[in-house]
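Chemist: The UniProt record's numbering applies: residue 1 is where the sequence shown begins, and numbers increase by one.
Think of the hints as simulated: they come from the structure by calculation, not from any bench.
Beta carbons: idealized from backbone N, C-alpha and C, even for Gly.
Worth double-checking, as some hints may not be accurate.
No farther apart than 16 Å at their CA atoms in a straight line, the calculated lysine to aspartate or glutamate pairs in the EDC-like style are these [what the hints assert, rightly or not]:
no., residue 1, residue 2
1, 72, 46
2, 7, 39
3, 7, 45
4, 7, 32
Label-pair distances were calculated between CB atoms; the ranges are [stated by the list, open to error]:
no., residue 1, residue 2, range
5, 76, 45, 17 to 23 Å
6, 90, 47, 35 to 41 Å
7, 83, 33, 30 to 36 Å
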Amino acid sequence: MIFIAVKFTVRPEHSDSWLERTAAFTAATRAEPGNIFFEWSRSVEDPNQFVLLEAFADGDAGAAHVNSDHFKAGLETMGELIASVPQIVNTEIEGSGWSEMAELKPKNA
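Required output: the full structure, derived from the provided sequences and hints.
Modeler: Right, dumping it as structure tokens:
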């Protein structure tokens, strides 16, 4: 699968509306046949930073994503809101989604 992690630093005046402004892009991406997950998180240390974890079934699914109309529209929207160029990790790994962590289990469960 293709695994991607992206850090977006958003202009402070747009931080509270970031998820709303990217909602159409998020929904369209999650609906793609090759999308495995597409999850946003907000940094606990920097309220203006959002982290996106996403995965696609394979290179073809990743290519379909970046060539989609909603990807282009999403970049246009995000470009107006970000304070700096996003940082990215993009790699191909074995697997088909999240696995359970072997080293940690809930106590008393």
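Chemist: Against each hint, give a clear statement of whether it holds in the structure.
Modeler: Each hint tested on the structure:
no. : hint                : verdict
1   : 72 / 46             : violated, 27 Å
2   : 7 / 39              : holds, 12 Å
3   : 7 / 45              : holds, 13 Å
4   : 7 / 32              : violated, 22 Å
5   : 76 / 45: 17 to 23 Å : violated, 28 Å
6   : 90 / 47: 35 to 41 Å : violated, 25 Å
7   : 83 / 33: 30 to 36 Å : holds, 33 Å
The structure fails to meet hints 1, 4, 5, 6 from the earlier list, while all remaining hints are met.
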